[in-house]
Amino acid sequence: MGNARKPREIRLSTTPTAQALAELRLGDIVYLDGLMYTAREGVYMRALEDKANIPMELPSQSAANFHCSPAARINPDGSFEMGAVTATASFRFAKWLPEWLAKSGAKLVIGKGGMSSKDYKSYFVPNGAIYLSTVGYGTGALLGRGVENVEAVHWNEELGLAQAMWVIRCNRMGPFIVASDLDGNCLFERENERISKNLHKAYEGTRPATLKRFGETDDKSDELIG
Amino acid sequence: MIPIDLIQKTAETLMDKAAIEIPDDYLEGLKAAASVEDGDLSSFVLQAMLENYKAAKEDRRAMCGDTGTPRWYVKMGNETQIEGGPVALEAALRRATANATNGVPLRPNRVHPLWRTDHDNNVGIGAPEIEYGYEPGGEWIDLITVHKGGLFGTDYRMLFPSDGIQGIKRFFLDSLVAFGKRGLACQPAIIGIGLGGCKDTCMVLGKRAACLRTVGDRNTDPRIAELELEFTELGNSIGMGAMGFVGKSMVIDTHIEVGYCHTGGMQMSVHAFCLSSRRAVARVYADGRVEHRTDPEWFTDYQRRETVEWEMPASHEKSA
Numbered sequence: 001m002g003n004a005r006k007p008r009e010i011r012l013s014t015t016p017t018a019q020a021l022a023e024l025r026l027g028d029i030v031y032l033d034g035l036m037y038t039a040r041e042g043v044y045m046r047a048l049e050d051k052a053n054i055p056m057e058l059p060s061q062s063a064a065n066f067h068c069s070p071a072a073r074i075n076p077d078g079s080f081e082m083g084a085v086t087a088t089a090s091f092r093f094a095k096w097l098p099e100w101l102a103k104s105g106a107k108l109v110i111g112k113g114g115m116s117s118k119d120y121k122s123y124f125v126p127n128g129a130i131y132l133s134t135v136g137y138g139t140g141a142l143l144g145r146g147v148e149n150v151e152a153v154h155w156n157e158e159l160g161l162a163q164a165m166w167v168i169r170c171n172r173m174g175p176f177i178v179a180s181d182l183d184g185n186c187l188f189e190r191e192n193e194r195i196s197k198n199l200h201k202a203y204e205g206t207r208p209a210t211l212k213r214f215g216e217t218d219d220k221s222d223e224l225i226g
Numbered sequence: 001m002i003p004i005d006l007i008q009k010t011a012e013t014l015m016d017k018a019a020i021e022i023p024d025d026y027l028e029g030l031k032a033a034a035s036v037e038d039g040d041l042s043s044f045v046l047q048a049m050l051e052n053y054k055a056a057k058e059d060r061r062a063m064c065g066d067t068g069t070p071r072w073y074v075k076m077g078n079e080t081q082i083e084g085g086p087v088a089l090e091a092a093l094r095r096a097t098a099n100a101t102n103g104v105p106l107r108p109n110r111v112h113p114l115w116r117t118d119h120d121n122n123v124g125i126g127a128p129e130i131e132y133g134y135e136p137g138g139e140w141i142d143l144i145t146v147h148k149g150g151l152f153g154t155d156y157r158m159l160f161p162s163d164g165i166q167g168i169k170r171f172f173l174d175s176l177v178a179f180g181k182r183g184l185a186c187q188p189a190i191i192g193i194g195l196g197g198c199k200d201t202c203m204v205l206g207k208r209a210a211c212l213r214t215v216g217d218r219n220t221d222p223r224i225a226e227l228e229l230e231f232t233e234l235g236n237s238i239g240m241g242a243m244g245f246v247g248k249s250m251v252i253d254t255h256i257e258v259g260y261c262h263t264g265g266m267q268m269s270v271h272a273f274c275l276s277s278r279r280a281v282a283r284v285y286a287d288g289r290v291e292h293r294t295d296p297e298w299f300t301d302y303q304r305r306e307t308v309e310w311e312m313p314a315s316h317e318k319s320a
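Going down the list, the sequences are from chains E and B. For the first sequence, the residue numbers in the numbering used here are 1 to 226. For the second sequence, the residue numbers in the numbering used here are 1 to 320.
These are calculated hints, taken from the structure and not from any lab test. One or more of the hints may lead you astray.
Here are the simulated DSS-like cross-link-like pairs (lysine-lysine), alpha carbons at most 27 Å apart as the crow flies [said to hold, decoys possible]:
{"hint": "1", "chain 1": "B", "residue 1": "248", "chain 2": "E", "residue 2": "201"}
{"hint": "2", "chain 1": "B", "residue 1": "31", "chain 2": "B", "residue 2": "248"}
{"hint": "3", "chain 1": "E", "residue 1": "212", "chain 2": "B", "residue 2": "199"}
{"hint": "4", "chain 1": "E", "residue 1": "121", "chain 2": "E", "residue 2": "197"}
{"hint": "5", "chain 1": "B", "residue 1": "31", "chain 2": "B", "residue 2": "9"}
{"hint": "6", "chain 1": "E", "residue 1": "6", "chain 2": "B", "residue 2": "54"}
Since we're looking at a predicted model, the values are computed, not measured.
Given only the sequences and the hints, what does the whole structure look like? Please build it.
What follows is the structure, encoded as structure tokens:
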């Protein structure tokens, strides 16, 4: 492991207090306890655009929105089998998140890749929410071990297994990494900035393509997630 | 004649193995990367991944919740006959895909691109893909399943001879940097590069280079083999590691495959086979024997042949 230092590890409730959130620092490792629900484009569209009633009490039951489709099935007797769980990339949901955070009162958004600091500052911070990133990506089996029980699956018939709202009881589910704080700072942007400084070294001696593409950026400190 | 039931049963086993068991070659590659990684967060991520592979095998659960888009590469010896013919073979592979999606379980990822219809079984129009290859001699069928994940890390560009190796390096770096940020490519990955062919075959070559060759395998063209090593080193010199954190593990190995292209062009594709480099292989014989392995052994001399006619080298008779 070279000379790497071990990051700090913290247990956190899925209905966390403002104080517990305030104590988190970028790069902390978090393990979650309590109820968590999956919601991504299917749930957002149904709840926000079609105005369907959200089938659970938010945020009192859970303030943790997981951008996830589990590897799972519903058995013929109605019970559930959940194997691995892994997050999906969150930046694609920026369109719905401001309204969703206000409506659901979610304090933890859990997913892959995080959002931009602009997103954090404009609607995470005002809602007192932070972003937790899954690790890897793809610690699906480890996260699966943290699933104590699948409590319910909502909107499965309307949205299919992958887009349905899965309600999961977590027991030391993790690891997750704190990717934004209550001030709206962004872990990934901090890392990008550090990496960008030295990028020119790797590019030395290469040449830009003869045929350009419309809309192309050649600023290596840019990101593609918009 | 190879019994169709045996093909379906073997295919179901392969679906399970691919989703759960990280192949040894990739595991060793990742352990080597973890042993030298000194970025605090990158290092934590690699250790977590190593624990995750262990947990997946112990619990017999999928290693990653995004179980990718299962597909099949099928290779047959020239004398192979399948009970029921190719239509029965395709039906068996579709059944195995659907059954294993429910059985393992896998995530039912496949939906209609416009109507988002989900059959909850990873089967639909054009899914799973089934691609074919043939080898001279032999009566056997190789069933190879690859569950490549991810929407990120893959790109194509039309380069030209004037772009040269420097242009190839540039596009390689661009792809790694662009998709490596925030770890969208789920690196460190096996990077497959397709060079030449036509646009579609260039993509196919790059994908196969990433998914159908094992860590440590080198192209038989010594100059391409050298480039593969050079590109791995270049990718790991970016200063980025797992999840886009500061570090030095981006690339576990680089595989380059080439195809003859239009004289004016130099097509290039880049593919990243992620931290869950899922592949499983079995050879099924007419007498009912089934041999499991993790190396697809896809790129034989025959697959890379350059000439009109093919004469089998005596030394290759056995392995084919």
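Hint-by-hint comparison with the structure:
{"no.": "1", "hint": "B:248 to E:201", "result": "holds (14 Å)"}
{"no.": "2", "hint": "B:31 to B:248", "result": "holds (13 Å)"}
{"no.": "3", "hint": "E:212 to B:199", "result": "holds (17 Å)"}
{"no.": "4", "hint": "E:121 to E:197", "result": "holds (25 Å)"}
{"no.": "5", "hint": "B:31 to B:9", "result": "violated (33 Å)"}
{"no.": "6", "hint": "E:6 to B:54", "result": "holds (20 Å)"}
This entry does not satisfy hint 5, going by the numbered hints stated previously; all others are met.
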